[in-house]
Every structure is written in C-alpha cells, then in structure tokens.
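Based on the hints, put chain B in the right spot on chain W.
Protein chains in written order, with the numbering used here: chain W, 15 to 205; chain B, 85 to 371.
Treat the hints with care, since some could be wrong.
Said to hold, decoys possible - The calculated DSS-like cross-link candidates involving lysine-lysine, where the alpha carbons are at most 27 Å apart (straight line), are:
| # | chain 1 | residue 1 | chain 2 | residue 2 |
| --- | --- | --- | --- | --- |
| 1 | W | 107 | B | 113 |
| 2 | B | 337 | B | 292 |
| 3 | W | 107 | B | 111 |
| 4 | B | 110 | W | 107 |
| 5 | B | 347 | B | 292 |
| 6 | B | 182 | B | 252 |
| 7 | B | 326 | B | 181 |
| 8 | B | 347 | B | 337 |
| 9 | B | 331 | B | 182 |
Calculated directly from the structure, the hints in this document are not laboratory data.
All values reported here derive from a predicted model rather than from experimental measurement.
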Amino acid sequence: MNLLVIFISAVLINNFVFYYFLGLCPYLGVSRKIGPSISMGMAVTFVLSLTAVASWMINHWILLPYGLDYLQIVSFILVIAALVQLVEMFIRKVSPPLYQAMGIYLPLITTNCVIMGLALLAALKNYNFLETVIFGVSAGLGFTLAIVLMAAIREQLDLADVPRPLRGAAIALITAGIISLAFMGFSGIIK
Amino acid sequence: MNLFIPVITMGLIAFVLSVGLFFAYKKLKVAIDPRLEEIAEILPQANCGACGFAGCQALAEALVAGQAEPNACPVGGNEVATRLAAILGVESSAVIKKVARLHCRGHYEAAPVRSLYVGVSTCFAAHLLGGYKLCTYGCLHLGDCVRACQFEAMVIGQDGLPLIDEQKCTGCGKCVEACPRGLLELHPVERNIFVFCRSLDRPAVSRKVCKNACIACNICVRACPEAIIMESNLARIIDWKKIPVEKIPAIEKCPTGAISRLKKEIMAVEVKKTEPQDERRSYCYEN
Chain W
15 MNLLVIFISA VLINNFVFYY FLGLCPYLGV SRKIGPSISM GMAVTFVLSL
65 TAVASWMINH WILLPYGLDY LQIVSFILVI AALVQLVEMF IRKVSPPLYQ
115 AMGIYLPLIT TNCVIMGLAL LAALKNYNFL ETVIFGVSAG LGFTLAIVLM
165 AAIREQLDLA DVPRPLRGAA IALITAGIIS LAFMGFSGII K
Chain B
85 MNLFIPVITM GLIAFVLSVG LFFAYKKLKV AIDPRLEEIA EILPQANCGA
135 CGFAGCQALA EALVAGQAEP NACPVGGNEV ATRLAAILGV ESSAVIKKVA
185 RLHCRGHYEA APVRSLYVGV STCFAAHLLG GYKLCTYGCL HLGDCVRACQ
235 FEAMVIGQDG LPLIDEQKCT GCGKCVEACP RGLLELHPVE RNIFVFCRSL
285 DRPAVSRKVC KNACIACNIC VRACPEAIIM ESNLARIIDW KKIPVEKIPA
335 IEKCPTGAIS RLKKEIMAVE VKKTEPQDER RSYCYEN
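Just chain W, same shape as in the assembly (with noise of 0.2 Å):
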C-alpha cells in the first residue's frame, strides 16, 4: 500500500516537474515533438531509477554509517556521473540502435537537477531500498507523462494562432504553468 501511495504521489501529486519545478529544461527543450519527448522520458525513467538504486547505496552504505552525510550532493554527482557514463558506453557496445535513440539524451540529463533532486529527496524521506526504487520509477514516469503531455500540446500550439508577443517560450512557459495548475487538482487523493 505505500509503495502505491509513493507510486501515485511521485506521478500524479508531486510529480517532479509540476509539483517540485525541478528538470525544467529538458521539459521545455526537447518536448518540441511528441517523438523525442518520448525518447527523452524514456531516457529519464532510465538515469531515475539507476540514480535511485546508486544513491541508496552510497547513502546506506558509506556516508550515513559514517556520520558523512553533508557529503550528500557531492557524492551523489559524483556517482551518477560515473554511472550514466558507464551506461552510455554499454549501450554503445550493446545496442546501436538503442544508443542512437537515447544516447544523446543521456549526457544532457547527467547533472540535471531532477535527478540530483530525485537522490536528495530519496534521503530525505529515509525511503528503505525498495521504496527509494519504486520513488525513482515513477518519478520518471512522471517526467515521462509531463514531457509528452507537453509536447502533444506543443505541436497542436505550432498550428494555433498565438499572439506575437507570447510565440515561442512564453506561450510554452504559459502552458507549462496552466498544466501545472491543472495537476494541482490531484493534489487532493491522498493526505
């Protein structure tokens, strides 16, 4: 019951990119087409969930037992650095194709913040490991829903008749700020 409660909440309630502000970027950068977007969510649900797994463990494994833990954010780049670089290079060797779809996504979203926001929330929340894996999943799926749900509305916005002054990142961020107070509806399912 409460891994669906993290699931629904990381989704839907605080959903990382309308509840928290957090991967900003790439939500507007790459949700021009629903294709890439897709890619892109798919990317983050990726690094999400190995960040989830790679922090946990260096969480609760080194620096709480050894009182270390201001060494958080320094640590949790450090290892999702190295952990997505590692990714990158297997995908390489094992998977062309895949490496062509995601590849160029995974560096861009390395240091983002949703994912280092992702590590530091874990943490905080003193999730134990299963948790923190469900929390890392659907916070990407979440990212994933977002991104789409924006570029669908972007392609239909390239056809609308915008007002000049608003064209191009303002009607975006005008969007993104509408959605977002459309989620807070959600806001009310679980306490």
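Below, chain B without anything else, positioned relative to chain W:
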C-alpha cells in the same frame, strides 16, 4: 583532522569510480573506423539527402561499410568523389553533374491568369485550388522551389519563372519535390534540349491557355522520330542523346518554341535573392 575525512572519502569514491570506468572503457570500447571521421569532414554536411541516405553521417557510414559508391554525393561533385575514393582505396567514376531544369515557359505574358488569387502565397496552396492560371499544368510563380533550395541557386525571375543558377545548383532535388506540379526535373548539365511544357491539354485548349505550350503539332516528331514521340498531346524526348545535332534546327521549328535548346543567355542571368516584391502584383498579372 575533520577536514581530512570528507577529502579522503570523496577521493576514495572518485578513485574507485574512475578505476571502474577505466576498465569498463577498455572492455566496452567500440571500435570506430577512423575513416568515418575523415569522410565526415570531406562531405558537405548539408544533410540534404540527395545521396539517398538519411544525411551526411549516414552516407559516411554506408561508404565505410561499402554500401555506397564514392560518387554517391551529387552535391560534392567530382572533387569530393576523388577524395573519398582516395580514402576508401577504390576507383571512382566521374560524377555526372545534374541540375534542376524547369519544364514550363508559361511566364506572365505567355500564360494568362484565370482568376485573382489572394490565398496563401505558396504554389502548393494555389495548386490545391486548381491554380489561378488558365493553364492547369504550368508554373504558378509563387516560389515553392526557391524556398526549398538550400543553396540559393534559384530565384523567381522577372517573367515569373524560377531561374536556376547552374553553378550553384547541386542537383539535390529539393525543388523537384517542392514543385506541386512536377515541373522541375534533374538532368545532366550537358543536356540542352528539352520539351518546356507539361500540359496534357488538347491542342485547342493548350493553344488558348499558353503561348508557349506544346500544341501536339508533331513537327518535332517528324523531324526526329527515333528520339521524340507524341503522347497524350505532349511531345516527349525519349533519349536526348539520340538526337543528332543536325536535326536540332528542324526540331526547333516548333511553332510555340515548346521544344527547343536551353536559352543559355537566360540561364546566365546572375541569380540573386531579390527583395520580396509586392506579392499580390507578382501573381495577379494583368494581361
């Protein structure tokens, strides 16, 4: 002392990770053909797709894999082909330079308009409505081809027809795709005799709608039956190489000039991106 604990911890973590990455890199290194980079440098990087591959990178990969010929890039021409062949260690055959040719001479004065068109200023949109000229096969003068050209080789001329700069045209074929009426085709640059008309109208109709249309009079077919045929009211050149030079004057007796040699003096007009003129005037020519 307290200072050393985080330093040592971080140092250790970083060391372990970097050693891990080092070995992973050795193990997982993907052998990239060094020729790939050289080839990518030689290719024009216009990513126009004229070679039939998704872009210059895709062509480079195909070249290395031996799935493409060194002369595959029409944009780069002979120079690129020979350099590619040198890297790949194969013989290169010469690239036949192709340029786009317009198959219409229905300029403002020759082909009168049927109606006033004030819609979206693209050939595509005008074509959807059946065009605004009496001739339903001819050039619409709105410049879809000019906008499609990445190499600034085309411009709409004074008479409304696009002019193509042979030097700048790379034969990428973007304009061929852009023309909704299929009036542009790629031809070897040395070919100089064409039927400058695509009208399938009956002679009585095409005579009325355009002064320069093919009116299916068969003069050219009689002059050179081995290379020219008449099909659906339109003369067609089957094989331009079979047209003997001495027969060209007889062929050029065409009463409307629809079949003729390229007028090189027109082609030589230096192509410049002109200032966008008053759009409405440009395509609502009063005849």
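Next item on the list: Please flag the earlier hints that this structure goes against, numbers listed from lowest up.
Entry: none
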